[in-house]
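Enquirer: Read off the chains here:
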Amino acid sequence: MKNYTTLKDIPNISELIKEAILLKMNPFEYSKLGQHKTVVMLFFNSSLRTRLSTEKAAKNLGMDVMILNVNDAWNLEFEDGTVMNVDKSEHIKEAAQVISQYADMIAVRAFPSLQDKAKDESEYILNSFKKYATVPIVNMESATAHPLQALADAITISELTEKKTPKVVLSWAPHPKALPQAVANSFIEMMQHLDVDFCITHPEGYELNTEITQNTPINYNQEAALQDADFVYVKNWSSYNDYGKILNQDAKWMMTKEKLGKAKFMHCLPVRRNVVVEDAVLDGNQSVVIQQANNRTFAAQVVLKQLLENL
Amino acid sequence: MKNYTTLKDIPNISELIKEAILLKMNPFEYSKLGQHKTVVMLFFNSSLRTRLSTEKAAKNLGMDVMILNVNDAWNLEFEDGTVMNVDKSEHIKEAAQVISQYADMIAVRAFPSLQDKAKDESEYILNSFKKYATVPIVNMESATAHPLQALADAITISELTEKKTPKVVLSWAPHPKALPQAVANSFIEMMQHLDVDFCITHPEGYELNTEITQNTPINYNQEAALQDADFVYVKNWSSYNDYGKILNQDAKWMMTKEKLGKAKFMHCLPVRRNVVVEDAVLDGNQSVVIQQANNRTFAAQVVLKQLLENL
Amino acid sequence: MKNYTTLKDIPNISELIKEAILLKMNPFEYSKLGQHKTVVMLFFNSSLRTRLSTEKAAKNLGMDVMILNVNDAWNLEFEDGTVMNVDKSEHIKEAAQVISQYADMIAVRAFPSLQDKAKDESEYILNSFKKYATVPIVNMESATAHPLQALADAITISELTEKKTPKVVLSWAPHPKALPQAVANSFIEMMQHLDVDFCITHPEGYELNTEITQNTPINYNQEAALQDADFVYVKNWSSYNDYGKILNQDAKWMMTKEKLGKAKFMHCLPVRRNVVVEDAVLDGNQSVVIQQANNRTFAAQVVLKQLLENL
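Residue numbers (the numbering used here), protein chains in the order written: chain A, 1 to 311; chain B, 1001 to 1311; chain C, 2001 to 2311.
One should not assume that every hint holds.
Claimed, not checked - Some chain C residues near chain A, calculated using beta-carbon distances under 8 angstroms:
1. S2047
2. R2051
3. L2052
4. S2053
5. L2269
6. P2270
7. V2271
8. N2274
9. I2290
10. A2293
Claimed, not checked - Listed below are the simulated SDA-like cross-link pairs for lysine to any residue, each with C-alpha atoms no more than 25 angstroms apart in a straight line:
11. C:K2245 / A:D87
12. A:K245 / A:E121
13. C:K2167 / C:E2204
14. C:K2235 / C:K2252
15. B:K1131 / A:N274
16. C:K2093 / B:Q1291
17. B:K1164 / B:E1189
18. C:K2024 / A:G62
19. B:K1235 / C:K2093
20. B:K1245 / B:S1046
21. B:K1164 / B:S1287
22. C:K2177 / C:N2069
23. A:K37 / C:Q2291
24. A:K88 / C:Q2291
25. B:K1037 / A:G62
26. B:K1088 / A:D250
27. B:K1008 / B:F1043
28. B:K1037 / A:S31
29. B:K1262 / B:D1250
30. B:K1130 / B:A1118
31. A:K235 / B:K1093
32. C:K2235 / C:P2174
33. C:K2093 / B:S1046
34. C:K2131 / C:S2113
35. B:K1037 / A:F28
36. A:K88 / C:N2274
37. A:K32 / C:D2064
38. C:K2088 / B:A1251
39. A:K177 / A:S122
These are calculated hints, taken from the structure and not from any lab test.
Where is the CB? At the ideal position from N, CA and C, for every residue including glycine.
Please put together the full structure from these sequences, using the hints given.
Expert: Below you can see the structure in the form of structure tokens.
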């Protein structure tokens, strides 16, 4: 592995999941591997789980961690050829090359605008770092993808499944704010690579990028989709076609204990209680969200480990 | 020790003070104890001394430290059963459990509102972490208590006293802003457990919670109270009965060299010069505020050490 | 070395440059030297390169690093004798002494106001820390000087020069914002101590402090100044005489590939493309700005190393 910006960077997903589970059993086994190696974590947006789990993962490997909230420094210019006489103090070309001088790898979090679809889909922040940095880049959630989350999700399903081919459902939920599609996108791509019976359910108008959903079945009838599910992953996203818009806030799409049946409940967190999912689910023993959050550490750790081994 | 949220968590105060003084003589003696252990420090409010001294203490013990300014992440919901469709992105139930996945202990700073007395006294932030986290909680100053400060204060008095039973006076001082009662509360509780001759002096109307002051003598006459004092701890607090209000800004309550007599001057810092205390005191050799601030490290270190030993 | 607040603190510049180049070849050779030593980095202003390179340097030496954005804590009072009843919560006298309890050295970044020349030139922030702290102080860019940058610049010229006495030109450039004179000041002072043929070119009105420029030739004709240059250091600064003002934004002063001739292009970064310098220069192989930025680590590292050796 040379970078970890999309799930396509993983050479063998099932091998990686196995290795992550081994790391979880012995988190400090490679605590010398990262000695004298530094990851710079750059946040264009706020973070709790990603920030703490990635820092923990790096330290478990013996790495040094330097954290920079980019907006505390200054605005970066990403366009080529501009006359930088307004509000941008530094061009990404310099910033990425310079940070590469101080880092053995760079982890970047940068959300989409949800305003300019073409710009968001270009992944200009993440890809500019990939283009100009001279060290590996790790995606800590970009405009369209959250591959560390998807890896943690896959680890969690692998740990918990009692069947060879469990039924997994991604179920849209209402939310008062317009949210990115990144988590849903990466979860879908991950499920397409695992031995699972996978489908998506959401209201009409919430279709995601068809280049990502491909042949995955989509069912507008939530109840039918949830039938006999083993894992239900609940997540809101804003409309992809009517880009960034909230088309539906119908509380009928909220996940309930009744709808969940016997399935395990998954969510990437943070989650709005009694909007996305009712208390009874989160407080019940079918919820695996804390285990999922814990697996963020080992998803990050296995990725950092592979990047370190390829430095 | 399983948590350090109030002074009641200390099994034996004089033993703890002795151990802190030993740590001060050899701060790196236990530098392997915290290996592969992480403290997450969560700040709902800003900090200088608490932030630096607690981080230093953790590193002296070989721990990893991860620091999160919570308000840089997002608003947490603390109420049960709410429909989270407004401004709160995550419930404390998830946040506390999740952070526990990445931490071996969690240290929390959260000031009172000074508006809603019942809510402040419920210590809902600190106690929610205690309730939902699965790792020990350290109080880095909560709505009503600052037990790390009180422990540093006790260490300082132990180091400096030339008498078996010194006279210690807590003297209120004026301040332009409404300040919490936390430092005063914890200092009083600490003094009640030490072998000191302790009294409080403040203007009428500044009586603290009687459940805390108990039988400690209160004297409205500052001059009489200060008579023959060995240690004078000066501190402003806002009214407890007329909750959060400033009732008095009378400069006559400012500490002066003349009033101080031969006593040592103590203050938790930060201190407003020539409002709370005149320059001549702070710049004179009876002030022990820097030694007090230094002891914050060893107060935190002895607490973290005991928590580590009980993990 | 007891502090590093100005270039005058360097006992022997050419020795220090040589030592920095040796450290660059083997950055972890002294990774035990800083064990159990802590540098507190205080930022009154934002930073990217200085923040990351100084943190990296400290960690290369095995030091612990604690970073505090001072403005996230509270306002400090720097005046003596004031009645602190308005917006300042803590006096520098206490702050500097207290931080010294938690640190083995303190690094400070504090830009000028560019409003009050006398106050800026007094270097009241940096010098107050130097006066009241009880540990060494490192200047991470102050009102009038940036000695870590100048040391990195000198290292870069030493590495790259093919002549015993290269010609070095400091060339002013336009900029939309009023910038400090600190980088230019320290670069000039550094060049005056090296074996270089040095001159300055800028528009009339941009003369710097004559106590700094001394006998260094100043040429208002940029083209003439640049003739046969080996190194061209481009940098904007606001007017020193008409203090903090922008007198000229003439794009003719922008550095171009044509003007540069065969010289190496230097800049401290961040740099505004096509305002300070055209793309063709930064994207061409005569630009050494990334190497310069990399040398920030070894400038900081050699300084921290000497300070550690003198603790």
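Enquirer: Hint numbers the structure violates, sorted upward?
Expert: none
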